[in-house]
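Engineer: The whole structure should be built from the sequences, with the hints applied where relevant.
Just so you know, the sequences run in chain order A and B. At the far end of the first sequence sits residue 248, using the working numbering, and the numbering has no gaps. At the far end of the second sequence sits residue 107, using the working numbering, and the numbering has no gaps.
Just so you know, the hints here were simulated from the structure itself, not pulled from any lab data. Keep in mind that this is a model prediction, so the values were computed, not measured. It is possible that some hints are incorrect.
Unchecked claim - For lysine to aspartate or glutamate, the following EDC-like pairs were computed, each having C-alpha atoms within a straight-line distance of at most 20 Å:
| id | chain 1 | residue 1 | chain 2 | residue 2 |
| --- | --- | --- | --- | --- |
| 1 | B | 6 | B | 75 |
| 2 | A | 199 | A | 139 |
| 3 | A | 192 | B | 95 |
| 4 | A | 180 | A | 151 |
| 5 | B | 6 | B | 45 |
| 6 | A | 180 | B | 95 |
Stated by the list, open to error - Derived contacts from chain A toward chain B, CB cut-off under 7 Å, selection only:
| id | residue |
| --- | --- |
| 7 | 163 |
| 8 | 173 |
| 9 | 182 |
| 10 | 226 |
| 11 | 235 |
| 12 | 240 |
| 13 | 243 |
Yeah, the Cβ is synthetic: ideal placement off N, Cα and C, and Gly gets one too.
Here's the letter readout for the chains.
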Amino acid sequence: AQSVTQPDIHITVSEGASLELRCNYSYGATPYLFWYVQSPGQGLQLLLKYFSGDTLVQGIKGFEAEFKRSQSSFNLRKPSVHWSDAAEYFCAVGADAGGTSYGKLTFGQGTILTVHP
Amino acid sequence: KAGVTQTPRYLIKTRGQQVTLSCSPISGHRSVSWYQQTPGQGLQFLFEYFSETQRNKGNFPGRFSGRQFSNSRSEMNVSTLELGDSALYLCASSLKPGGNTEAFFGQGTRLTVV
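Structural biologist: Have a look at this one:
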């Protein structure tokens, strides 16, 4: 069965500092990987996705993520954090056809980002 | 174009009652998935519908059910509500089912069971 681990429950950074949120996945085949962001009381907004090809993917709001198959990781990065980036971030893996995981996203537990001025 | 619309946004129900939540997907999207989000369990998959057929179901009791209509709109129903059903219920729509497709989420329905 697929699984996602986000080792950091809470991260605090200063505005303007760089950011890296960690994500490790477990999946038997080529994974489809996503990062979502959620503001309090809101739904999830897709930041970026990896399906295949170039392992460094660019997303919205200046975020990027790098897929490393050897490390089963898909870490999210941003060179300079803005106060408006404070939110909860979720990494997810999607399963393709076949099996009990078909069509569903499996999410990590989330990382809460606090940004200090 | 309009995003995913979930109604109502907030609900308060009493234990033992039942509740129906609604989700209107993005125009042209035919796949709808439902997720439950709680502080303790995080985001958990409930079920996924495509072309009015349930394609997959998560590990939830039979009290949780859903359906999809011919216009792709979906409803989920929870019967005999328990306190533990209090959660944010999120609906996601996609062009097609499968892991290699973008899922767009609605704002969610906050259900409180008292």
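Engineer: Look at each hint and say if it fits the structure.
Structural biologist: A quick look at each hint next to the structure:
1. For the hint linking residue 6 of chain B to residue 75 of chain B, the alpha-carbon distance of about 10 Å falls within 20 Å, and the restraint holds.
2. Straight-line distance between C-alpha atoms of residue 199 of chain A and residue 139 of chain A comes to about 18 Å, which keeps the hinted pair within the 20 Å bound.
3. Proximity of residue 192 of chain A to residue 95 of chain B is assessed by CA-CA distance (about 17 Å); at most 20 Å being required, the pair is judged to hold.
4. For the hint pairing residue 180 of chain A with residue 151 of chain A, the CA-to-CA distance comes to about 16 Å; that is within 20 Å, so the pair holds.
5. In summary, the hint linking residue 6 of chain B to residue 45 of chain B is not supported, as the alpha carbons are separated by about 28 Å, beyond the 20 Å threshold.
6. This hinted pair checks out: residue 180 of chain A and residue 95 of chain B have alpha carbons roughly 8 Å apart, not beyond 20 Å.
7. A hinted interface residue such as residue 163 of chain A counts as satisfied when its beta carbon comes closer than 7 Å to some beta carbon of chain B; here the least separation is about 4 Å, so the hint holds.
8. Interface hint status for residue 173 of chain A: upheld, as the beta-carbon distance to the closest one in chain B is roughly 6 Å, under 7 Å.
9. This hint holds: residue 182 of chain A has a C-beta 5 Å from the nearest C-beta of chain B, less than the 7 Å allowed.
10. Using the Cβ-Cβ criterion of 7 Å, the hint placing residue 226 of chain A at the interface with chain B is satisfied: the shortest such distance is roughly 4 Å.
11. This hint holds: residue 235 of chain A has a C-beta 4 Å from the nearest C-beta of chain B, less than the 7 Å allowed.
12. Using the Cβ-Cβ criterion of 7 Å, the hint placing residue 240 of chain A at the interface with chain B is satisfied: the shortest such distance is roughly 5 Å.
13. Annotation: residue 243 of chain A was flagged as interfacial toward chain B, and the flag is violated, the nearest CB pair being 11 Å apart, outside 7 Å.
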